[in-house]
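J.: If you read the sequence shown in my numbering, its first letter stands for residue 3, the second for the next number, and so on.
Treat the hints loosely; a few may be bogus.
[Stated by the list, open to error] In silico DMTMM-like cross-links for lysine to aspartate or glutamate, where the CA-CA straight-line distance does not exceed 25 Å:
{"hint": "1", "residue 1": "K260", "residue 2": "E250"}
{"hint": "2", "residue 1": "K260", "residue 2": "D202"}
{"hint": "3", "residue 1": "K12", "residue 2": "E219"}
{"hint": "4", "residue 1": "K260", "residue 2": "D325"}
{"hint": "5", "residue 1": "K260", "residue 2": "E158"}
{"hint": "6", "residue 1": "K260", "residue 2": "E243"}
{"hint": "7", "residue 1": "K12", "residue 2": "E191"}
{"hint": "8", "residue 1": "K260", "residue 2": "E179"}
{"hint": "9", "residue 1": "K12", "residue 2": "D65"}
{"hint": "10", "residue 1": "K260", "residue 2": "E148"}
{"hint": "11", "residue 1": "K260", "residue 2": "E135"}
{"hint": "12", "residue 1": "K12", "residue 2": "E243"}
{"hint": "13", "residue 1": "K12", "residue 2": "E135"}
{"hint": "14", "residue 1": "K12", "residue 2": "D330"}
{"hint": "15", "residue 1": "K260", "residue 2": "D182"}
{"hint": "16", "residue 1": "K260", "residue 2": "E183"}
{"hint": "17", "residue 1": "K12", "residue 2": "D240"}
{"hint": "18", "residue 1": "K12", "residue 2": "E190"}
{"hint": "19", "residue 1": "K260", "residue 2": "E191"}
Calculated directly from the structure, the hints in this document are not laboratory data.
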Amino acid sequence: MSDERLPEGKIPPHVLRELLDRLGAGAGLELGPAPGEDAAVAAAGSEPRLVLAADPITFPTADPGWHAVVVNANDVAATGGECRYFLSQVLVPPGTTEGRIAEIADGIRRGCEEMGAVPVGGHTEITSAVAREVVAGAMVGVATAERIKPTGGAREGDMLVVTKGVAIEATAIVAAEREDEVRRVFGEEFQRRAAAFVTDPGISVVEEARIAAGMLEVRAMHDVTEGGVATAVREMADAAELGVVLAEAEIPRFYESKRLMTHFGLDILGAIGSGALLIACSEPVTGELLDRLQRAGTPGYVIGRFLRRSSGMQIARGSLRRDLPVFDADELTRLA
C-alpha cells in the first residue's frame, strides 16, 4: 500500500479489495465481503442462512442508537435477510452524561423493536479517542437461499428500480446541521419537514426489501448510502461486471431535497441516500414489482437498465448521454 493520504469517507474500492485480501475475508462464506456488498452470507451447514452486516454511525445525529440499528438492518434486508440480533459498540467523549448514554440505549431498544431484532450486548466506553458519539453496530439476520439477493446479482437486460427517492438521509442531515440558515432561507416549516426525513419518508428500506426478496426474478438489491445513488448504481454494475444506463429524468427527487442540494451547491446524485433501495429485476416482472411496492405504500421507479460491460456506465438526458459521475467522497463532505 502507498503512503497516499485518503479523503474522508469510504476507502477507495482498490484499497478495500487489498484489505480484504490481507484479511483472507470470505473463506467458507456463501457470499463473502466485497466492495458494494451490503452483507455477508454464511450457510452454516443448513437452512436458514446467516446474514451478517456491520456499520457505524459517525456523523452527528440526535438519535445515534436508533440510527445505527436502522442502517445495519438495511444492509441485512437489502441482502434478503430478516433481522434477528443486534450488537453495538458505543464510544462517547469525556463529559458525556449518564442521561445521554441512557438515551442512546433507548434508541437502540426502539430501533430493535421496529426492525424485529433483539439487542444482545456489545461494549460501551467513555474515551478521548472520539470527539463525538460513535455507535458501531452489527446485525445478524437469517434468510432462505432463494431470498438472498447480492449486490452483484444483476444480469444484462435487467431493469433498475429505485424506491422512494434519492438523498433522503442527506436532506435530513443538511436541514439539521444548517438549521438556522435553512430556516432563514426556506422557512421554519420547511426546515422541520426536511429534518424529519429520517422518519418520513424514512431511512429504513426493510419493508421494500422484504417485498422484493420474495420475488424470484428480482436478481439483486443494494442499499443507497454514502456517495449517493450514483455510487450505489456503480457498485451494483461493477459487482455484476456489467454496464448501466440511467434515465436522469426518471430519478425521483423530493422537493425539499432538490431545494437544499441546489442551495448548498451539492450534487443530489452523490449525497448520502439511506431510505432508497436499488433493485435489479427481469423486465417481464418489473410491473408486478412496482405494483407490490405501491400497494405497500413504498413507490418504486424504473430509472435504468443494465447493459453489457462494454457499454460503460452512463446517464442519459433525452438523447444526450454522459458518463455516470464518480464521487470519491460523499457530497456532504463539501458542505460549507
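J.: Hints first: check each against the structure and report whether it holds.
T.: Right, here's what the structure says about each hint:
A distance of roughly 14 Å separates the Cα atoms of K260 and E250; the hinted pair therefore holds under the 25 Å criterion. Restraint check for K260 and D202: the C-alpha separation of about 16 Å stays at or below 25 Å, so the hint holds. Between K12 and E219 the CA atoms are separated by roughly 31 Å; this puts the pair beyond 25 Å, and the hint is violated. With a C-alpha separation of about 21 Å, the suggested pair K260 and D325 falls inside the 25 Å cut-off, and the hint holds.
Using a Cα cut-off of 25 Å, the hinted pair K260 and E158 is violated, with the two alpha carbons roughly 31 Å apart. Annotation: proposed proximity of K260 to E243 is violated, straight-line Cα distance about 32 Å (limit 25 Å). A C-alpha spacing of about 33 Å is found between K12 and E191, which places the hinted pair above 25 Å, so the restraint is violated. As the CA atoms of K260 and E179 are separated by approximately 17 Å, the hinted pair is consistent with the 25 Å bound.
With a C-alpha separation of about 22 Å, the suggested pairing of K12 with D65 holds against the 25 Å cut-off. A distance of roughly 38 Å separates the Cα atoms of K260 and E148; the hinted pair therefore is violated under the 25 Å criterion. A threshold of 25 Å between alpha carbons decides the hint, and for K260 with E135 the separation of about 29 Å lies outside it, so the pair is violated. Distance hint between K12 and E243 is fulfilled; the C-alpha atoms sit about 21 Å from each other, no more than 25 Å.
A C-alpha spacing of about 19 Å is found between K12 and E135, which places the hinted pair at or below 25 Å, so the restraint holds. For a cut-off of 25 Å, the pair hint linking K12 to D330 stands: about 8 Å separates their Cα positions. Annotation: proposed proximity of K260 to D182 holds, straight-line Cα distance about 18 Å (limit 25 Å). Taking the CA atoms of K260 and E183, the gap is near 16 Å; set against the 25 Å cutoff, the hint holds.
Taking the CA atoms of K12 and D240, the gap is about 16 Å. The hint holds against a cut of 25 Å. The straight-line distance between the Cα atoms of K12 and E190 is roughly 33 Å, outside the 25 Å bound, and the hint therefore fails. Pair hint K260 plus E191 holds up; C-alpha atoms about 16 Å apart against a cutoff of 25 Å.
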